[in-house]
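**Student:** Line by line, the protein sequences are chains A and B. 1 is the number of the first residue of the first sequence in this note's numbering; add one for each residue after it. 1 is the number of the first residue of the second sequence in this note's numbering; add one for each residue after it.
It cannot be assumed that every hint is accurate.
[Claimed, not checked] Computed list of lysine-lysine pairs in PhoX-like fashion (alpha-carbon distance at most 25 Å, straight line):
{"id": "1", "chain 1": "A", "residue 1": "Lys-32", "chain 2": "A", "residue 2": "Lys-44"}
{"id": "2", "chain 1": "A", "residue 1": "Lys-136", "chain 2": "B", "residue 2": "Lys-485"}
{"id": "3", "chain 1": "B", "residue 1": "Lys-386", "chain 2": "B", "residue 2": "Lys-503"}
{"id": "4", "chain 1": "A", "residue 1": "Lys-56", "chain 2": "A", "residue 2": "Lys-32"}
{"id": "5", "chain 1": "A", "residue 1": "Lys-93", "chain 2": "A", "residue 2": "Lys-136"}
{"id": "6", "chain 1": "B", "residue 1": "Lys-118", "chain 2": "A", "residue 2": "Lys-228"}
{"id": "7", "chain 1": "A", "residue 1": "Lys-201", "chain 2": "A", "residue 2": "Lys-101"}
{"id": "8", "chain 1": "A", "residue 1": "Lys-136", "chain 2": "B", "residue 2": "Lys-386"}
Keep in mind that the hints were calculated from the coordinates and are not lab data.
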Amino acid sequence: MTEQPTVIRPYGDTTGDGMVQVSFTLPVPHDKRAEGAALQLAGKMGMSPALLVHAKAVGPAHTFFVVYGSVTHLVDLSAVQVVERDFPLLTPKDVNAAIKKQLRRPLVVVGACIGTDAHTVGIDAILNIKGFAGEKGLEYYSEIQVVNLGAQVLVPELVERAREAQADAVLVSQVVTQRDAHIHNTTQMSAAFREAYPAGKVPLLVVGGPRFEEGSADRLGVDRIFGKGTTPAEVASYLVHALAAEPTPERNTA
Amino acid sequence: MSPTTVAPPPRLELDPRVVRRARTLARRLGRPVVDIARSHTTVSVERATLRLAGLAGADHERVPWVNHLVDGVREQVGLEHGVTTPVWDALRREEAPDLLTLAQKASTGSVSFRIPEKKGELSAARRAARAAVRPGIRRIDRQRAARDRLVGRLGDPPHRPWVYLIVATGDIYEDIPQAQAAARAGADVIAVIRSTGQSLLDYVPEGATREGFAGTYATQENFRLMRAALDEVSKELGRYVRLTNYASGLCMPEIAALAGMERLDMMLNDSMYGILFRDINPVRTFVDQRFSRQVHARAGIIINTGEDNYLTTADAVDAAHTVTVSQLMNEYFAREAGLPDQLMGLGHAFEINPEVPESFRMELAHALLARQLFPDAPLKWMPPTKHMTGDVFMGYLLDGFFNLAGAMTGQSILLVGMMTEAVVTPWLSDRDLALQNVRYVQRAAGGLTEDFRPPPDGFIQTRARQVLSEAVDLLERITAEKAPKGSAPLLEAIGDGTFGLMKRPKDQGKGLDGVARRADGYDNPAITLLEEGTR
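All chains, full assembly: derive it from the sequences and hints.
**Tutor:** In structure tokens:
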């Protein structure tokens, strides 16, 4: 066995060749100067030598380029930081058993798309029985009670419905966002919950969506962020981990 | 054979009795819903009528005057007689010198409305209302004639399917150069996506707008600006470039009226989409939809229905027949509202999981089934979205197969798929690559309809027959639903989650408080004029 190197480069067809491909558009008409400009950009991106393989005018004022080349940058694997899943992945059966044992009542989840976002694909993939990627959604879990409020729910309404349902967890999805609306909406939502609930009684706040940055949960005032490709089982397992893993003090048992 | 003269699409051998049965069931399901639509009105239908009478603009808080006036009438005498009788009665009694002033006074509560009791006063108010609404209908007629003239002079696109491209920046002044660039690059139809959330606004925003979320607000001024820009580029290109927007959500009738007056050419307008996917009250939707379709029929606007949505939430193989059922219902409701087949852009989509064996053959079967069931409808063929994973290279291939299926099955309107679907809003280069994909397929295989003849008992024909028979089964099942008085089997089916697993009871959902049962004396001059004109 050879040892895995800690410093690597991109792989084209030979170890260490550093080959990458990029495509981009520059706002200049297609001519020799435009091609030179593309190569200049590739050089500044660390591609050396850079090979301009395709250039095409897109209308009178833009040019599209495809560039291949070897990047001079090195990747240091020992310096890579990622958020690894810090809870065990459970089957629906184990999730139900854990909730039964620890909570002795169904776990209540309230879900919604907040703000102007009308795209329920994310929340529906996690909550609806239909599920996502071959996994059934949380509605399928006998010990999870799901209240799906759907799209374009206002924050005060979400807080109200969460209180009514005595939610253990609130799931919010933000799919289509512009100008950082997902960040604004999420901080507004977490602040509203903190204001409406006594300290320590706020339901678990979970947000999901393709645009959230990993590791920004604290900054947004939520307990957990899930990104693109999250499956219902991961969410269910996390809920168990956070709410029903070990004897929890009375959480909304009123 | 030149790619501009396309042979008719291949024939499927469908049992004509099954096809007839499907339409009979659709009619049986649709008729009681139409009865409900005809016996109710909504705030948005009434506001649309006032817009046709020329009431426009908004107060300093951007609340439109049509909203103020309808709310004012409603508080005092209710909606059940329609707003036009009390409004023109108030004008006759000189509560205000004109409609705008009346709306302004109504907003401060300083007008008194009544339903005139004397027969003479009642008919005078109705006559005045009819005279006031007529110019709005005439404006729609003039715009339709203008479109016919421009199409006559400049011509339609030389190829089929028409190439439909989306623009969505949020800022109308950014949309305009993008739309013109897209037209120059080959788009035949430009759709301006609406701002996320507009479907649930119970008013139509005013003026030119520069702030939208993942889309641009539909406003009368935005319509006018974009149509003018496309007229300019149409002249330059020598073909009429069509403009599309959305008559959906809580303001469907008003947006339809504005679209007619500003010469939009196609409008997204589905019979059940708002109910299922936006949780809008079913009765509100069917009432609003009927009025909006009457306007579209008058304006010569092609409606685009939203069957693609069923396939994005459910499995495209298992739910294939729900598309057929929805197309049949959309056809029934459209015909009832006066739309000819040539204006029915029934939708369907290429959404089968590419990992499924024979997925392309099934796509061909589904696309041919729609083509053959609705031979004269300009079918709208929607690209893959659900299985676009972010792998843009694989996505580009999938879009190529989508384009090929469109060419082989004789689709009419092709929404151009973007390889960056689910990644970013399309970049300039994404659109350019997508159009190259479409053009290559049209050039290389545009005449393939001539050679493509699926064998009678082969996979494609068998699959098409199976989907049709599943559609008939579903229609039978819905027809068998027990409906209490005042309801309809279709409404009960929507209520208990037959479509897309979403339960939408007829006494719930957004916009319910804007629905009123019509009284015996209900009058709406717009509906009267539209029905006189289209029948």
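**Student:** For each hint, tell me whether it holds in the structure or not.
**Tutor:** Comparing the hints with the structure gives:
1. A:Lys-32 with A:Lys-44: 19 Å, holds
2. A:Lys-136 with B:Lys-485: 38 Å, violated
3. B:Lys-386 with B:Lys-503: 23 Å, holds
4. A:Lys-56 with A:Lys-32: With a Cα-Cα distance of about 12 Å, the restraint between Lys-56 of chain A and Lys-32 of chain A holds, given a limit of 25 Å.
5. A:Lys-93 with A:Lys-136: 12 Å, holds
6. B:Lys-118 with A:Lys-228: Violated, because 66 Å separates the two Cα atoms, which is more than 25 Å.
7. A:Lys-201 with A:Lys-101: Satisfied, since the Cα-Cα distance of roughly 21 Å is no more than 25 Å.
8. A:Lys-136 with B:Lys-386: Given that 25 Å is the threshold and the Cα spacing comes to 17 Å, the pair holds.
Hint compliance for this structure: hints 2, 6 are not met, and every other hint is.
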